[in-house]
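There are 2 protein chains.
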Amino acid sequence: MGAESGSVRIGVIGGGQLARMMVPPAIHLGLRISVLAETEGSSAARAADAVGDYRDPDTVYAFADTVDVVTFDHEHVPNEILLELERRGVAVHPRPEALQFAQDKILMRQKLEELGVPVPSWAAVSDEGELQAFLDAHGGRAVVKTARGGYDGKGVRVISDAGEARDWFATLAEDGRGGQLLAEELVDFTRELSQLVARRPSGDARTWPVVETIQRDGVCAEVLAPAPVADPATLARAAEIGETVAEGVGVTGVLAVEMFETRDGRVLVNELAMRPHNSGHFSIEGSVTSQFEQHLRAVADLPLGDTAMTASAAVMVNVLGGPAEGPMPVRYAAALAAHPRAKFHSYDKQPRPGRKVGHVTVTGEDLDTVRAEALAAARAFD
Amino acid sequence: MGAESGSVRIGVIGGGQLARMMVPPAIHLGLRISVLAETEGSSAARAADAVGDYRDPDTVYAFADTVDVVTFDHEHVPNEILLELERRGVAVHPRPEALQFAQDKILMRQKLEELGVPVPSWAAVSDEGELQAFLDAHGGRAVVKTARGGYDGKGVRVISDAGEARDWFATLAEDGRGGQLLAEELVDFTRELSQLVARRPSGDARTWPVVETIQRDGVCAEVLAPAPVADPATLARAAEIGETVAEGVGVTGVLAVEMFETRDGRVLVNELAMRPHNSGHFSIEGSVTSQFEQHLRAVADLPLGDTAMTASAAVMVNVLGGPAEGPMPVRYAAALAAHPRAKFHSYDKQPRPGRKVGHVTVTGEDLDTVRAEALAAARAFD
Numbered sequence: 001m002g003a004e005s006g007s008v009r010i011g012v013i014g015g016g017q018l019a020r021m022m023v024p025p026a027i028h029l030g031l032r033i034s035v036l037a038e039t040e041g042s043s044a045a046r047a048a049d050a051v052g053d054y055r056d057p058d059t060v061y062a063f064a065d066t067v068d069v070v071t072f073d074h075e076h077v078p079n080e081i082l083l084e085l086e087r088r089g090v091a092v093h094p095r096p097e098a099l100q101f102a103q104d105k106i107l108m109r110q111k112l113e114e115l116g117v118p119v120p121s122w123a124a125v126s127d128e129g130e131l132q133a134f135l136d137a138h139g140g141r142a143v144v145k146t147a148r149g150g151y152d153g154k155g156v157r158v159i160s161d162a163g164e165a166r167d168w169f170a171t172l173a174e175d176g177r178g179g180q181l182l183a184e185e186l187v188d189f190t191r192e193l194s195q196l197v198a199r200r201p202s203g204d205a206r207t208w209p210v211v212e213t214i215q216r217d218g219v220c221a222e223v224l225a226p227a228p229v230a231d232p233a234t235l236a237r238a239a240e241i242g243e244t245v246a247e248g249v250g251v252t253g254v255l256a257v258e259m260f261e262t263r264d265g266r267v268l269v270n271e272l273a274m275r276p277h278n279s280g281h282f283s284i285e286g287s288v289t290s291q292f293e294q295h296l297r298a299v300a301d302l303p304l305g306d307t308a309m310t311a312s313a314a315v316m317v318n319v320l321g322g323p324a325e326g327p328m329p330v331r332y333a334a335a336l337a338a339h340p341r342a343k344f345h346s347y348d349k350q351p352r353p354g355r356k357v358g359h360v361t362v363t364g365e366d367l368d369t370v371r372a373e374a375l376a377a378a379r380a381f382d
Numbered sequence: 001m002g003a004e005s006g007s008v009r010i011g012v013i014g015g016g017q018l019a020r021m022m023v024p025p026a027i028h029l030g031l032r033i034s035v036l037a038e039t040e041g042s043s044a045a046r047a048a049d050a051v052g053d054y055r056d057p058d059t060v061y062a063f064a065d066t067v068d069v070v071t072f073d074h075e076h077v078p079n080e081i082l083l084e085l086e087r088r089g090v091a092v093h094p095r096p097e098a099l100q101f102a103q104d105k106i107l108m109r110q111k112l113e114e115l116g117v118p119v120p121s122w123a124a125v126s127d128e129g130e131l132q133a134f135l136d137a138h139g140g141r142a143v144v145k146t147a148r149g150g151y152d153g154k155g156v157r158v159i160s161d162a163g164e165a166r167d168w169f170a171t172l173a174e175d176g177r178g179g180q181l182l183a184e185e186l187v188d189f190t191r192e193l194s195q196l197v198a199r200r201p202s203g204d205a206r207t208w209p210v211v212e213t214i215q216r217d218g219v220c221a222e223v224l225a226p227a228p229v230a231d232p233a234t235l236a237r238a239a240e241i242g243e244t245v246a247e248g249v250g251v252t253g254v255l256a257v258e259m260f261e262t263r264d265g266r267v268l269v270n271e272l273a274m275r276p277h278n279s280g281h282f283s284i285e286g287s288v289t290s291q292f293e294q295h296l297r298a299v300a301d302l303p304l305g306d307t308a309m310t311a312s313a314a315v316m317v318n319v320l321g322g323p324a325e326g327p328m329p330v331r332y333a334a335a336l337a338a339h340p341r342a343k344f345h346s347y348d349k350q351p352r353p354g355r356k357v358g359h360v361t362v363t364g365e366d367l368d369t370v371r372a373e374a375l376a377a378a379r380a381f382d
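Quick mapping for you: the protein sequence lines, in order, are chains A and B.
Per UniProt numbering, the first sequence starts with residue 1, numbered consecutively.
Per UniProt numbering, the second sequence starts with residue 1, numbered consecutively.
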């Protein structure tokens, strides 16, 4: 709690909005935060003490020398670099042996099966023949995903013919590392859920209420917290899955487990993210302890905070793309004026169509009212 | 809402905890914030783009050149410098003609009387003879205050003989500017209240619920929000006084009006502060829009946010002084572990006995429960 008294110095690799939103709780908790940003214009650039390429070992090692703990805005730092950091005695959270399951979807599926966690039917496929066999066995349609590097709907295709993944197989062949694609059954889901969990190195963990996420065009559009209850048993199962995964993969920091709720009442894990996640942005206002504060507490090995809701309902709506017309500040003022209860979060990013440039959260007692207000406030930027 | 789109650049003069706590909402709103800090080790140093003396005109002019709006962490910037900034076309909020009433207690008392706002019986006294006359007319005891530079109980004495202010008269005489001291009746108050108001340059204003402040040794120790209702008419009068003063002095940004509630049911104004104030720290978690966010909105001339409470009650307790024994981080972890619902705010300051080094806020439905939790969490640092 002070410079003189050994405040923990946290280094965040990646300068996007997740790093940006870690800065406010770091200020309040009295933790020192530094960011290794990709470019001078990054979302978290104001907290950046270093600008450089996270794929360059020496850049990362030099940055790590200035902090006590290294954590992440994204999962793209090569595992070899992180393992070397650990060999050099740097605390890395999440640890590379956990992070690999968020970096490689095939490893993730294998691990989840090993943990007995329900997942969609899947196979790792090495060529078009194997993919076509999977398609034939699953009614002629399937989802195919690149194992590494996908994000926000990129690297995901719904296909009905193996030839539709030919370019990806070609890229893998060029890569020469014998990579595979992940083929999955096309799940007949009624909605998507997300379970956030934070876990300390000691294993102590806390969950937030399960939320419902609403995607549009493969990108998270809205989050309803807590998820409106359909079957309480389903929500309890989602929470249990989140805890099992957090423990099973040994994550430290925040883990997001994205799940499908199927028409026949099952809950299947779709994706994992080992960092604060879009489905947890509601928690800045909606929870006693936000995912960003909790992530910092967890990676600094400080006791975790309470995750209760601060109101009956919180709805987060992403603001996408740039202004269609007129200067942004004018629209910003109009949005603030029309929605005094809405909490606006700008990522200070160059607007491009479809890019997340901010979000809006509204909290209150009635979900429908709160949701209508949040949607209207976000729409002020369309 | 973005670098490219003309984000307002706000410059804060003064690097204390108030500037520090403006940084989180600036990040969320997408406003650029810079701080002119006194020293490298200031509380808000992590946001500081400049370090220098706010009494040096050229330092302030150079800082102002880098921002769109100048605002303050404290009221000590000489008025001549601020008037010159305005002559140079810089937006200064609060404006120097408003700020003078927070800089000089005699000007403040004159203005409040002119506005018809109830104040304790007072006089500006030039020497011991005038002070003794005031004492004699007020039962032989009074409060004497330096007109300028007092803060947190400094520059305030309760006296029963004019000789007790001899050193202050001597200092004023050396100063050669013909200054006076402020003599005031010793108010028989039952409690202290504070009304926060935020006002835009256009005059649009919002108030928060009136709070009760509890002082110990002349320093704010606790804030109960909203003030437990004794007589609703009293609270309504306090709110009305706040609005009258904000409008009457033409403040822009946040104004705190500290008041006495007297045994005979009157509400008298004690002090004014034209900046976010200790009595408003509860609003970070306790209000839809915190005083820090609202101050930024007001000085950037953006629409003001809703000031409703987020829970029935919020209690803030200051953390004073340094650790009596043992390293702070150890105590910090223990405090977080014991109080998962408490929100801890560290100012990253060198602890010294009696110095405010942080605060704790708890929100909830029952005031007594919330207060007990906040006191216990703050006491973990004693």
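Careful, some of the hints might be misleading.
Below, a sample of chain A positions facing chain B; criterion: calculated Cβ distance under 7 Å [what the hints assert, rightly or not]:
(1) PRO24
(2) GLY30
(3) ASP49
(4) PRO118
(5) VAL119
(6) PRO120
(7) ALA124
(8) SER126
(9) VAL288
(10) SER346
(11) ASP348
Pair by pair, the computed Cβ-Cβ distance ranges are [unchecked claim]:
(12) A:VAL229 to B:GLY354: 48 to 56 Å
(13) A:GLY203 to B:PRO228: 36 to 44 Å
(14) B:GLY139 to A:THR369: 54 to 62 Å
In short, the hints are calculated from the structure, not lab data.
Note that the Cβ used here is the ideal one computed from N, Cα and C, for glycine as well.
These are the hints, each one checked on the structure:
Taking 7 Å as the C-beta cut-off, the interface hint given for PRO24 of chain A holds, the closest approach to chain B being about 3 Å. Because the closest C-beta pair between GLY30 of chain A and chain B is about 3 Å apart, less than 7 Å, the hint holds. Interface restraint check: ASP49 of chain A against chain B, minimum CB-CB distance 10 Å, threshold 7 Å, status violated. Interface restraint check: PRO118 of chain A against chain B, minimum CB-CB distance 31 Å, threshold 7 Å, status violated.
For VAL119 of chain A, the shortest C-beta to C-beta distance to chain B is roughly 33 Å, which exceeds 7 Å, and the interface hint is violated. Taken as an interface hint, PRO120 of chain A does not check out: its beta carbon lies about 36 Å from the nearest beta carbon of chain B, beyond 7 Å. For the restraint placing ALA124 of chain A at the interface with chain B, the shortest Cβ-Cβ distance is roughly 41 Å, beyond the 7 Å limit, so the hint is violated. With a least beta-carbon distance of about 44 Å to chain B, the hint placing SER126 of chain A at the interface is violated under the 7 Å criterion.
Because the smallest distance between the Cβ of VAL288 of chain A and any Cβ of chain B comes to about 6 Å, under 7 Å, the interface hint for this residue holds. Taking 7 Å as the C-beta cut-off, the interface hint given for SER346 of chain A holds, the closest approach to chain B being about 3 Å. The beta carbon of ASP348 of chain A is positioned within 7 Å of a beta carbon in chain B (closest approach about 5 Å), and the interface hint is therefore held. Between VAL229 of chain A and GLY354 of chain B the beta carbon distance is about 51 Å. The supplied range of 48 to 56 Å therefore holds.
Checked against the hint of 36 to 44 Å, the pair GLY203 of chain A and PRO228 of chain B passes, with Cβ atoms roughly 43 Å apart. The given range of 54 to 62 Å is respected by GLY139 of chain B and THR369 of chain A, whose C-beta atoms sit roughly 57 Å from each other.
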